[in-house]
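Q: In order, the protein sequences belong to chains A and V.
Just so you know, this note's numbering puts 309 at position 309 of the first sequence, and the rest follows in order with no gaps.
Just so you know, this note's numbering puts 141 at position 141 of the second sequence, and the rest follows in order with no gaps.
Derived by calculation from the structure, the hints in this document are not laboratory data.
Do not rely on the hints blindly, as some may be mistaken.
[Claimed, not checked] One-sided excerpt, in silico: chain V residues whose CB lies under 8 Å from chain A:
#1 Ala36
#2 Ala161
#3 Gly162
For every residue, glycine included, the Cβ atom is placed at its ideal position computed from N, Cα and C.
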Amino acid sequence: MPDPFPVPGDPAPGSSPGEPGRQAAAPAANRPLSWSLTRHARRLLTLALAGLGIAIATGRPEFAGAAAPAVLLLATWHRQRPAQIGLAARLTATRMIEGERSAVALSVGGAGQHTVQVVLHPAHAITPLPGPAAPPGRPAISVPFLVTRWGRRRVGSAQVILRDRWRLAEGSAELSLPRVDCYPRPATQRTRVVLSRLPTRLGEHTARAAGEGAEFGGVREYVPGDRQRSINWPATTRRGRLQVNTFQAERSQDVVILVDTAWENADPGHSVVDIALRGAAAAAQAYLNARDRVGFITYRYRARWLVPGLGQRQYYRIAEAMLAQDRNWSQDTGFSRLPRVALPPGALILVFTPLMDPRLVETLRDLRQRGFPVLVIDVLAGEPPVGRGRYARLAQRMWRMEQQAIRFSLRELGIPVTHWDGEQSLDLSLAPYTRRVMVTRR
Amino acid sequence: MSAEWPQAQPAWRVLWRHSVLRLAAVAGLLGAGCVAWAAAPAGPAGPAAPLITALAAVCVAGGIGQLGTARVALPGPGSYPGAAGRLAGWALLRLRQLPWAEGTVLGALALELLHPARPWHTAVLGAALTGYLLATHLAESTTVRGEATAVLRGQAPVLVAGLGLLVLAAGSAALPLAGSAAAGVWLRVAAAVAAVLACGLALPV
Chain A
1 MPDPFPVPGD
11 PAPGSSPGEP
21 GRQAAAPAAN
31 RPLSWSLTRH
41 ARRLLTLALA
51 GLGIAIATGR
61 PEFAGAAAPA
71 VLLLATWHRQ
81 RPAQIGLAAR
91 LTATRMIEGE
101 RSAVALSVGG
111 AGQHTVQVVL
121 HPAHAITPLP
131 GPAAPPGRPA
141 ISVPFLVTRW
151 GRRRVGSAQV
161 ILRDRWRLAE
171 GSAELSLPRV
181 DCYPRPATQR
191 TRVVLSRLPT
201 RLGEHTARAA
211 GEGAEFGGVR
221 EYVPGDRQRS
231 INWPATTRRG
241 RLQVNTFQAE
251 RSQDVVILVD
261 TAWENADPGH
271 SVVDIALRGA
281 AAAAQAYLNA
291 RDRVGFITYR
301 YRARWLVPGL
311 GQRQYYRIAE
321 AMLAQDRNWS
331 QDTGFSRLPR
341 VALPPGALIL
351 VFTPLMDPRL
361 VETLRDLRQR
371 GFPVLVIDVL
381 AGEPPVGRGR
391 YARLAQRMWR
401 MEQQAIRFSL
411 RELGIPVTHW
421 DGEQSLDLSL
431 APYTRRVMVT
441 RR
Chain V
1 MSAEWPQAQP
11 AWRVLWRHSV
21 LRLAAVAGLL
31 GAGCVAWAAA
41 PAGPAGPAAP
51 LITALAAVCV
61 AGGIGQLGTA
71 RVALPGPGSY
81 PGAAGRLAGW
91 ALLRLRQLPW
101 AEGTVLGALA
111 LELLHPARPW
121 HTAVLGAALT
131 GYLLATHLAE
141 STTVRGEATA
151 VLRGQAPVLV
161 AGLGLLVLAA
171 GSAALPLAGS
181 AAAGVWLRVA
191 AAVAAVLACG
201 LALPV
């Protein structure tokens with residue numbers, strides 16, 4: 001199965017070209033140049049004027065001689081400078097994963113024999129990387145940059161600086177750059193949690209029921225209608241009667257990934273929301289690779305959901321939904337009124353949450369009482385800052401006990417809670433539940 | 001015929017050759033040399049000389065710091081440094097913005113002015129100051145290896161002409177006639193015309 005994660009620069013299926021942030025290239029436009037002295041020219045001018053001024057004031061010609069090289073260097077510049085240049089910016093990739101590189105490909109027209117340098121003024125979470133200056137006469141220049149955090153964000157602006165041959169005058173023009181879509185970097189997850197009861201739909205998970213899968217189930221006596229190719233000849237020879245192999249069915253399952261984005265802590269890029277979304281991306285990727293139907297719900301004071309779906313297109317929908325603020329969502333004020341399409345019966349519900357919002361905890365209890373198998377991945381990293389003094393320590397102890405009580409009560413209800421720090425593989429945290437099927441109890 | 005293997009060079013030499021630090025060091029040494037040359041000897045320069053020397057030395061040190069930290073990235077939007085990080089960023093920004101090289105030039109010329117007339121000494125100072133400004137410029141703007149050599153090669157005729165004028169001026173100042181009133185008036189007129197030309201070249205930008 002092809003990797004459902006997008007390759008930077010490739011258009012995603014289902015993308016509409018007119019949507020904001022999708023336009024990678026801007027048409028070439030003439031931009032006025034504002035010219036000024038370079039720092040080098042200002043320094044030469046300082047030496048020239050100071051030397052000549054001292055020579056005039058004191059009548060000492062050697063100071064005028066000291067200023068002579070600077071005056072001659074200043075006299076070399078060309079007065080023919082373009083008043084405007086044609087600029088067109090294009091991003092080499094408009095869709096990427098956190099930490100991936102892209103570049104601004106800038107074509108400059110009308111620069112003549114001037115050296116072109118592009119300085120990227122980055123927006124939030126954009127880190128410019130060092131790039132070379134374009135030699136005179138070369139119309140295109142590329143400025144690489146790094147996107148450090150997921151989101152639909154602006155790259156910033158590019159300042160184009162033209163310098164003459166002697167670098168005495170420089171003209172600059174500024175250009176706004178298009179936006180990029182940066183998806184959360186999925187964590188590593190190769191294994192999957194599989195339920196004991198699976199819907200009767202063809203898939204890749206081995207079910208307990210007998211069927212037409214590839215997994216060997218057992219041997220039984222032949223009955224009319226069995227296929228001849230399934231006869232187990234060694235067992236038939238031993239028992240003296242015809243024996244046939246039986247196989248287990250292969251089914252798919254419904255998985256709903258619930259991400260709690262109501263609570264933030266730590267710096268952007270390392271907060272619980274970042275960890276939760278990276279885990280959710282990994283889980284969606286893993287289950288969609290196994291041809292399961294995956295739905296997606298976010299919880300931030302109210303629930304928003306994407307109905308479960310299959311395949312690469314669903315992955316793109318989930319990734320886009322992670323970036324979207326208020327668009328493309330169905331939404332409701334609580335979980336109690338979520339329709340069946342959002343929570344299919346018997347679906348495995350994976351919850352990425354720091355368990356800090358009591359309303360979500362109540363919702364999880366409610367989901368369990370409605371018979372859904374729920375697995376909580378606790379993404380809480382760190383503790384609230386502790387002040388000084390005895391009461392601060394007491395408050396910290398109370399906070400820890402409260403957290404332990406929440407997790408204990410969930411386990412008592414049959415909701416397993418596993419901790420994931422966002423750094424290691426998700427497989428390690430899910431190992432107790434992926435080694436065998438997760439038994440569904442009502 | 002067997003080809004010889006290229007000999008491995010020490011890491012410090014490779015770093016030195018490929019680094020902007022080399023040009024920064026050259027600029028720093030030239031700046032310090034200019035100030036020391038202009039300040040020596042300390043005796044005839046008067047009581048203001050130590051203060052001006054100290055200020056010029058500070059400007060040289062600031063220039064070296066400016067060139068040495070030119071490639072250090074400032075925290076951009078989206079980064080959240082602590083108080084020490086914010087202070088360091090503010091200091092780095094100020095270090096880059098202040099005109100250290102101009103201060104060095106003015107300090108060296110002021111020190112030279114405090115001394116009695118010594119034409120050839122002043123001529124050497126003028127050549128060294130021009131070299132200091134060129135080295136500073138190349139250290140802060142060179143991005144490609146060999147670019148500095150190309151820039152210097154292109155400016156060589158102009159620099160040679162400037163040095164010729166420098167020698168002429170120093171030689172004329174060394175003549176006994178240069179101290180007369182008529183020669184002084186002509187010299188001042190020529191210097192004023194050159195100053196107006198320099199301003200006229202620079203200011204319309």
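Q: Hint by hint, which ones does the structure fall short of?
A: 1
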